[in-house]
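Given only the sequences and the hints, what does the whole structure look like? Please build it.
Protein chains in written order, with our numbering: chain A, 1 to 455; chain B, 456 to 910.
Don't read these hints as lab results, they were simulated from the structure. Think of the CB as a built atom: it goes at the ideal place given N, C-alpha and C, for glycine as much as any other residue. Warning: the hint list may mix true and false statements.
As the list claims (entries may be wrong) - Covered stretches of chain B (in silico footprint by chain A; criterion: 3 or more residues with CB under 8 Å from a CB of chain A, positions within the stretch not fixed):
id : region
1  : 595-609
2  : 630-641
3  : 832-845
Unchecked claim - Chain B side only, calculated, beta carbon under 7 Å to chain A, not exhaustive:
id : residue
4  : 533
5  : 564
6  : 880
Claimed, not checked - Below, in silico cross-link-like pairs of lysine-lysine (DSS-like), each with a Cα-Cα straight-line distance of 27 Å or less:
id : chain 1 : residue 1 : chain 2 : residue 2
7  : A       : 253       : B       : 708
8  : B       : 618       : A       : 169
9  : B       : 532       : A       : 257
Protein chains: 2
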Amino acid sequence: MEIPYKIYLSEEEIPRAWYNVRADMKVKPAPLLVPNTLKPATADDLSHVFCDELVKQELDNDHAFIEIPDDIRNFYKMYRPSPLVRAYCLERALGTPAHIYYKFEGNNTSGSHKLNSAIAQAYYAKKQGLKGVTTETGAGQWGTALSMATAYFGLDCKVYMVKVSYEQKPFRREVMRTYGASVTPSPSDTTNVGRAILAEHPGTTGSLGCAISEAVETAVSNEGYRYVLGSVLNQVLLHQSVIGLETKTALDKYGIKADIIIGCAGGGSNLGGLISPFVGQKLRGEADYRIIAVEPASCPSFTRGKYAYDFCDTGRVCPLAKMYTLGSNFIPSANHAGGLRYHGMSSTLSELYHQGLMEARSVEQTSVFDAAVQFARVEGILPAPESSHAIRVAIDEALKCKQTGEAKNIVFGLTGTGYFDLVAYQKYNDHQMSDYIPTDEELQKSLAQLPKVEK
Amino acid sequence: MEIPYKIYLSEEEIPRAWYNVRADMKVKPAPLLVPNTLKPATADDLSHVFCDELVKQELDNDHAFIEIPDDIRNFYKMYRPSPLVRAYCLERALGTPAHIYYKFEGNNTSGSHKLNSAIAQAYYAKKQGLKGVTTETGAGQWGTALSMATAYFGLDCKVYMVKVSYEQKPFRREVMRTYGASVTPSPSDTTNVGRAILAEHPGTTGSLGCAISEAVETAVSNEGYRYVLGSVLNQVLLHQSVIGLETKTALDKYGIKADIIIGCAGGGSNLGGLISPFVGQKLRGEADYRIIAVEPASCPSFTRGKYAYDFCDTGRVCPLAKMYTLGSNFIPSANHAGGLRYHGMSSTLSELYHQGLMEARSVEQTSVFDAAVQFARVEGILPAPESSHAIRVAIDEALKCKQTGEAKNIVFGLTGTGYFDLVAYQKYNDHQMSDYIPTDEELQKSLAQLPKVEK
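Here it is as structure tokens:
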């Protein structure tokens with residue numbers, strides 16, 4: 001059977017249920033802990049911050065499949081199923097016998113896979129009768145996705161955008177505003193935590209940790225609002241399982257058995273979604289795959305972090321999670337472009353990695369942009385810097401196949417497009433991009449501040 | 456048969472031949488004229504500027520179908536067939552009984568339909584053994600598409616970008632550079648015409664007409680280069696017929712008969728491509744459709760221009776074309792956002808309009824952005840300002856159906872995305888967008904300078 005350039009499923013083949021990989025894990029991810037008591041967080045603990053149905057999903061380690069409501073499936077139909085693309089042109093350019101496939105999640109205005117979870121979270125907020133939601137955004141990918149989702153359901157959306165991004169990335173901000181979201185540069189004078197930070201550091205350009213704290217405070221202090229988050233959480237990985245489920249359906253349709261599955265990893269939303277059904281098969285002993293998580297060498301939580309309980313935000317208002325972490329005070333060096341800058345990693349992925357079900361690899365950003373440009377020129381799509389981490393390793397593995405003569409099937413996640421990352425591309429084009437690998441001393445310093453949690 | 460949200464054809468259903476509507480026209484579009492002799496341009500006249508095969512296509516009024524070479528079809532497979540989308544969410548939001556469909560050409564990195572012709576033009580340049588091509592670009596949509604196409608075939612690409620855009624739209628410029636194109640702000644000191652203009656107007660921020668002249672001069676004065684153009688020409692409309700052919704195949708597949716077909720019109724590349732197979736049916740007496748060209752009220756060549764021979768560029772180095780024109784010195788007012796700013800209109804479309812085969816309507820830009828935002832919030836996609844002209848009229852027609860209770864099938868062309876047009880959206884969001892309709896006196900002034908050409 002000849003494989004087309006793009007394998008498109010029909011709308012009927014969009015999954016009817018998300019897959020919850022935790023149900024198939026014998027050792028479950030460690031529970032979230034309440035910051036002041038260090039006790040496992042209950043639904044009650046979480047429900048003043050998150051929507052009720054999302055809290056249920058967050059804590060559900062038992063149900064393997066959770067039905068996707070029709071309203072969400074109908075929204076998915078506007079941009080899904082996303083294509084699984086055979087990278088014929090890249091294969092030819094590399095001269096590799098490997099077959100390369102990528103699941104492309106960038107064909108929507110948010111430009112990434114983030115929309116898959118944003119629409120689900122907005123739906124449950126609407127169903128609960130809320131007025132709106134709050135969130136933080138750094139570069140703006142998640143904020144854009146959420147503003148599209150809340151516009152669709154007629155919800156209010158308050159986004160705290162890290163001040164430096166707010167000023168340097170006005171276009172992302174305008175997309176959010178066009179979709180009706182209010183975007184506030186953080187830190188701001190709209191919250192206690194923001195005012196306190198501004199008083200202490202008047203010239204600060206903000207941080208993701210501070211924006212999270214402001215968004216959470218706004219959610220809990222406004223009637224009818226809850227806080228939503230675009231990565232790291234179990235619920236997000238659950239929603240993102242549509243990526244992996246569609247990928248598996250498309251591969252199965254053409255009788256293709258993946259040998260290597262590659263995804264970029266920041267907080268884990270894309271990687272977790274892409275690999276979950278394949279990891280499920282591994283957990284159930286039905287099939288084996290090499291799975292590779294790719295992270296920036298400048299923010300190497302899997303490859304150089306510690307598996308321990310840590311704060312999820314620098315403001316320390318959110319529950320603690322057990323994860324591979326660099327310490328909640330860790331901030332990637334200023335030359336780091338794009339996302340994948342979170343200090344920790346999804347608890348579920350961390351536990352899977354700990355159990356040896358996947359590998360991890362870190363790559364430096366100049367080599368990532370080399371791969372991005374090589375890919376763009378033959379495959380047409382200008383990739384997001386985040387996605388390009390996966391491209392780098394896919395190319396490396398395809399070149400190994402060229403040496404060994406193996407026709408392996410390599411599947412990677414192309415999470416999004418780089419249309420709002422052109423400042424980084426400009427640096428690359430002008431040969432002004434640099435790499436930075438944190439020293440052992442730096443990492444020891446930020447890891448020394450991990451909270452003490454009894455085993 | 457239930458109609459899905461997105462009608463996707465298979466790759467096998469990508470057209471194998473472009474459709475040349477001129478073959479079915481009894482009265483053909485008027486020929487191009489050589490500027491100094493005012494005689495019809497022959498292949499010899501054109502071949503020092505354009506690629507040989509493209510000159511053949513430009514002058515071919517006889518062959519209804521021209522085969523699409525495999526290399527081009529394979530490139531098309533990376534982003535085509537483009538979806539024909541049923542706008543269920545927009546219909547619901549409007550409460551209209553009309554069925555609205557749009558052919559979405561924005562799912563590629565160039566962000567528009569321009570890539571359909573760019574890849575064809577690059578292919579013929581490569582086949583002719585050329586080193587590279589030159590072109591001009593305003594906002595950068597065409598330049599981006601061309602740089603993607605030349606990167607794919609390993610050709611050099613020299614883009615003259617209007618200086619004000621070069622400085623104000625650095626991101627489009629960076630996409631082109633990422634694909635390996637050299638981008639020169641125009642006017643520049645790399646050409647005689649550029650140096651002359653700079654000497655006369657040292658502070659000028661450039662114009663499309665000047666950039667065309669620089670690109671043509673560079674093509675004819677460099678061994679192994681030719682000039683390529685993204686709109687207006689017959690060859691471009693020919694390549695763009697893939698849009699209409701796919702649209703027709705998708706409609707036929709579900710037994711849908713379009714009642715109204717709507718496209719935005721600047722130079723005519725998208726409109727001509729979208730409507731050509733449908734106009735062909737009209738010309739052959741096989742079917743009837745209402746066809747509406749939508750143009751900006753600030754640049755109203757169809758609705759307020761004159762059908763006459765005119766210069767295609769302000770530098771007056773290119774052949775003359777008979778077209779609906781506002782005069783080659785006409786420049787839309789400074790508040791005009793986005794493209795659709797060409798003073799004339801494709802000769803083929805002009806002749807079809809003259810024969811009464813289509814209608815034209817002009818719309819003001821604030822109402823265009825109203826429609827764009829309404830569309831974005833329910834259909835997800837942030838549209839290009841150009842495409843939003845068609846959205847405006849599609850919504851207007853759907854609202855008429857609401858009044859009359861008619862369930863008409865409305866089809867429009869969504870040519871691209873607005874990801875690089877956020878300065879315009881910001882103006883709209885800040886309520887600082889204004890409208891401008893040129894006065895009769897202004898138009899009379901620019902039309903008074905039309906060249907004298909004997910009938």
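Results for each hint:
| no. | hint | in the structure |
| --- | --- | --- |
| 1 | 595-609 | holds (count 3) |
| 2 | 630-641 | holds (count 5) |
| 3 | 832-845 | holds (count 6) |
| 4 | 533 | 5 Å, holds |
| 5 | 564 | 5 Å, holds |
| 6 | 880 | 5 Å, holds |
| 7 | A/253 <-> B/708 | 23 Å, holds |
| 8 | B/618 <-> A/169 | 22 Å, holds |
| 9 | B/532 <-> A/257 | 23 Å, holds |
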